[in-house]
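Going line by line, the protein sequences match chains A and B. Take 1392 as the starting number for the first sequence in the numbering used here and just add one per residue. Take -9 as the starting number for the second sequence in the numbering used here and just add one per residue.
Honestly, the hints are just simulated from the structure, not real lab data. Do not take every clue at face value.
Covered by chain B, according to a simulated footprint, are these stretches of chain A (three or more residues, beta-carbon under 8 Å) [what the hints assert, rightly or not]: (1) 1412 to 1418; (2) 1421 to 1430; (3) 1447 to 1456; (4) 1460 to 1474.
Some residues of chain B that are not near chain A, with every Cβ distance over 12 Å (derived) [said to hold, decoys possible]: (5) D21; (6) G34; (7) H57; (8) Q60; (9) S73; (10) Y101; (11) S108; (12) N116; (13) T119; (14) N121; (15) D132; (16) Q138.
BS3-like cross-link-like pairs, simulated, lysine-lysine; straight-line CA separation at most 30 Å [as the list claims (entries may be wrong)]: (17) K2/B x K30/B; (18) K1415/A x K1493/A; (19) K87/B x K1493/A; (20) K40/B x K1415/A; (21) K2/B x K40/B; (22) K1450/A x K28/B; (23) K40/B x K1418/A; (24) K87/B x K1415/A; (25) K1415/A x K2/B; (26) K1418/A x K52/B; (27) K9/B x K1450/A; (28) K87/B x K30/B; (29) K1450/A x K30/B; (30) K1493/A x K40/B; (31) K87/B x K1450/A; (32) K52/B x K1415/A.
Heads up, the beta-carbon is just placed ideally off N, CA and C, and yes, glycines get one too.
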Amino acid sequence: MVFLHLFVVNRSGGLIHHRHLSNKAPKIGTNEWLRIGSTFHSLHAIAAEASPVRLPGGKNSNDGIEEMVTGGMVLRSFQTRTGIKFVLTAEPQTPDLGQVLKEIYVLYTECVLKDPFYELEMPIRSELFVHAVDALVERVQNAVSISPTKHR
Amino acid sequence: MPVHSLHVFDRKGKTLFTKCYAQNKANKVDDGEQLSEKRKLVFGMLFSLKEVAASLSPSSIKDNGVHSVQTGASTCYCLETASGLRFALYITDDADKTHARSIRKAMQHAYNDIWIQSVVRSPLYNPVTPNVQATNFETNLDAFLVSQSWYR
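Here chain B stands alone, though its shape is the one from the complex:
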């Protein structure tokens, strides 16, 4: 169950960070603009699914956040933080979802211990337009993801 890609969106849908981890560079026909369109689609989907989920869930439940969305070929794990950031992690070949719990924990870690440490605590942090590329978020995230059993 390889990790395909990870996106981080702010609460208005702007992409703060994106990285593709998939190995096969053979079908690299997607240019930057297409990928950016695709990310808008991902954000819009998660946004609307949350609304649908909120109306279908029992009213006693306060947590309406979408945890994962499984389609035929991939699963999107999503973590929404209290500040409205959305982390979306695409995993391919994940039909049986054996690692669902561990992946969710890992995403929580990616926010609590990597995003907060590297981006939010950076002295140059700007809450509206954080410059993620200038921090060591990517290095720390890569090191963490590679250490996970479900990375490949």
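Just chain A, with the same shape it has in the complex:
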């Protein structure tokens, strides 16, 4: 029950933020990160296209990968109305990833968008955001370990 990575992809598929959230996460080089970011951006669109049924709303709907479960991790993606994708990976069986992502989005609007020197679609270099995410992750992981829920 450990979070692994957080990365943020902008509207055109560029990676604007990436970090690991625990020591268990594998080390990934910057070039590799850029590749993963843009690959995920395309796969997000392809997944919506490949699905036999689509969400109503055509091109305007936020259709695409929401969750992917693999043998080693679970990946949760949250796309905002403006097209920015927040992607969080964690160990399998971690609950409430979607909720955590929404809180990260709130932190993004609070700490990054309200920064007068931040330019949209550009890499996020806000210390405030990094610290806020750290605090959030710690809070969630402690809450989970204190109250062992039904989730195994």
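Assemble chain B onto chain A, guided by the hints.
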């Protein structure tokens, strides 16, 4: 959570078997070629997602196979066998994923007890181009899927 369709791909991406279980034949505008293009998209997506998952998973984990991919309107459950076959099962209206475990078990059964029994043990089995239509795989698979609680 109705079953929409099932595809079986070999390790090079060729479709060995495909069947659509969805009821509404009203929007049957997709012709054979379009469906074949769509299957290529599904295979390509699963192939690339596996690569992304492999680089994001902790290195201690050996099983990097994609188990499921959830998009807005459907979930694709995937089973990759040791021989490289991929079974892809599309389920619609599966937001809460309550049956994820049972579906995975069912796909394992579809491979272990139906594919192996009907296709691989067929006397006319050809490992490169197995003729699935000539076996009773489809009959056995249909009977098995209909008996599942999540079929409709």
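Status of the hints after comparison with the structure:
1. A stretch counts as covered by a chain when three or more of its residues have a beta carbon under 8 Å from one of that chain; for the stretch 1412 to 1418 of chain A and chain B the count is 3, and the coverage holds.
2. Note: the stretch 1421 to 1430 of chain A has 3 residues with beta-carbon separation from chain B under 8 Å; the three-residue rule is met and the coverage holds.
3. Look at the stretch 1447 to 1456 of chain A against chain B: 5 of its residues bring a Cβ nearer than 8 Å to a Cβ of that chain, three or more, so the hint holds.
4. Coverage of the stretch 1460 to 1474 of chain A by chain B holds. Counting CB-CB distances below 8 Å, 6 residues qualify, and the rule asks for three or more.
5. With a minimum CB-CB distance of about 15 Å to chain A, D21/B clears the 12 Å threshold, and the non-interface call stands.
6. Its closest Cβ contact with chain A, about 7 Å, brings G34/B to no more than 12 Å, contrary to its assignment away from the interface.
7. Distance check on H57/B: its Cβ comes as close as 4 Å (rounded) to a Cβ of chain A, failing to clear the 12 Å threshold; non-interface status is violated.
8. Interface exclusion of Q60/B from chain A breaks down, the closest Cβ pair being 4 Å apart, not more than 12 Å.
9. For S73/B, the non-interface assignment is confirmed: its Cβ lies about 17 Å from the closest Cβ of chain A, beyond the 12 Å cut-off.
10. Distance check on Y101/B: its Cβ is at least 16 Å (rounded) from any Cβ of chain A, clearing the 12 Å threshold; non-interface status holds.
11. Chain A leaves S108/B outside its interface by the beta-carbon criterion, the shortest separation being 25 Å against a cut-off of 12 Å.
12. N116/B, annotated as away from the interface, keeps every beta carbon of chain A farther than 12 Å; the closest lies near 29 Å.
13. The non-interface label for T119/B is consistent with chain A: the shortest C-beta to C-beta separation is roughly 25 Å, beyond 12 Å.
14. Listed as a non-interface residue, N121/B keeps its Cβ farther than 12 Å from every Cβ of chain A; the least gap is roughly 25 Å.
15. No beta-carbon of chain A is positioned within 12 Å of the beta-carbon of D132/B; the least distance is around 18 Å.
16. Distance check on Q138/B: its Cβ is at least 19 Å (rounded) from any Cβ of chain A, clearing the 12 Å threshold; non-interface status holds.
17. The hinted pair formed by K2/B and K30/B meets the criterion: a straight-line CA distance of about 11 Å does not exceed 30 Å.
18. Distance check on the hinted pair: K1415/A and K1493/A sit about 23 Å apart at the alpha-carbon level, within 30 Å; holds.
19. Taking the CA atoms of K87/B and K1493/A, the gap is near 20 Å; set against the 30 Å cutoff, the hint holds.
20. Pair hint K40/B plus K1415/A holds up; C-alpha atoms about 20 Å apart against a cutoff of 30 Å.
21. Under the criterion of a C-alpha separation no larger than 30 Å, the hint pairing K2/B with K40/B is consistent with the structure, at around 14 Å.
22. The hinted pair formed by K1450/A and K28/B meets the criterion: a straight-line CA distance of about 18 Å does not exceed 30 Å.
23. For the hint linking K40/B to K1418/A, the alpha-carbon distance of about 18 Å falls within 30 Å, and the restraint holds.
24. For the given pair, K87/B sits about 27 Å from K1415/A by alpha-carbon distance, which is consistent with the 30 Å threshold.
25. With a C-alpha separation of about 33 Å, the suggested pair K1415/A and K2/B falls outside the 30 Å cut-off, and the hint is violated.
26. The suggested pairing of K1418/A with K52/B holds, with an alpha-carbon distance near 16 Å, which does not exceed 30 Å.
27. The suggested pairing of K9/B with K1450/A holds, with an alpha-carbon distance near 27 Å, which does not exceed 30 Å.
28. For the hint linking K87/B to K30/B, the alpha-carbon distance of about 25 Å falls within 30 Å, and the restraint holds.
29. Of the pairs offered as hints, the one joining K1450/A and K30/B holds, with about 21 Å between alpha carbons and a cut-off of 30 Å not exceeded.
30. About 26 Å separates the Cα atoms of K1493/A and K40/B, which keeps this hinted pair within 30 Å; it holds.
31. With a C-alpha separation of about 25 Å, the suggested pair K87/B and K1450/A falls inside the 30 Å cut-off, and the hint holds.
32. A C-alpha spacing of about 14 Å is found between K52/B and K1415/A, which places the hinted pair at or below 30 Å, so the restraint holds.
Violated hints, in rising order: 6, 7, 8, 25; the structure is consistent with all others.
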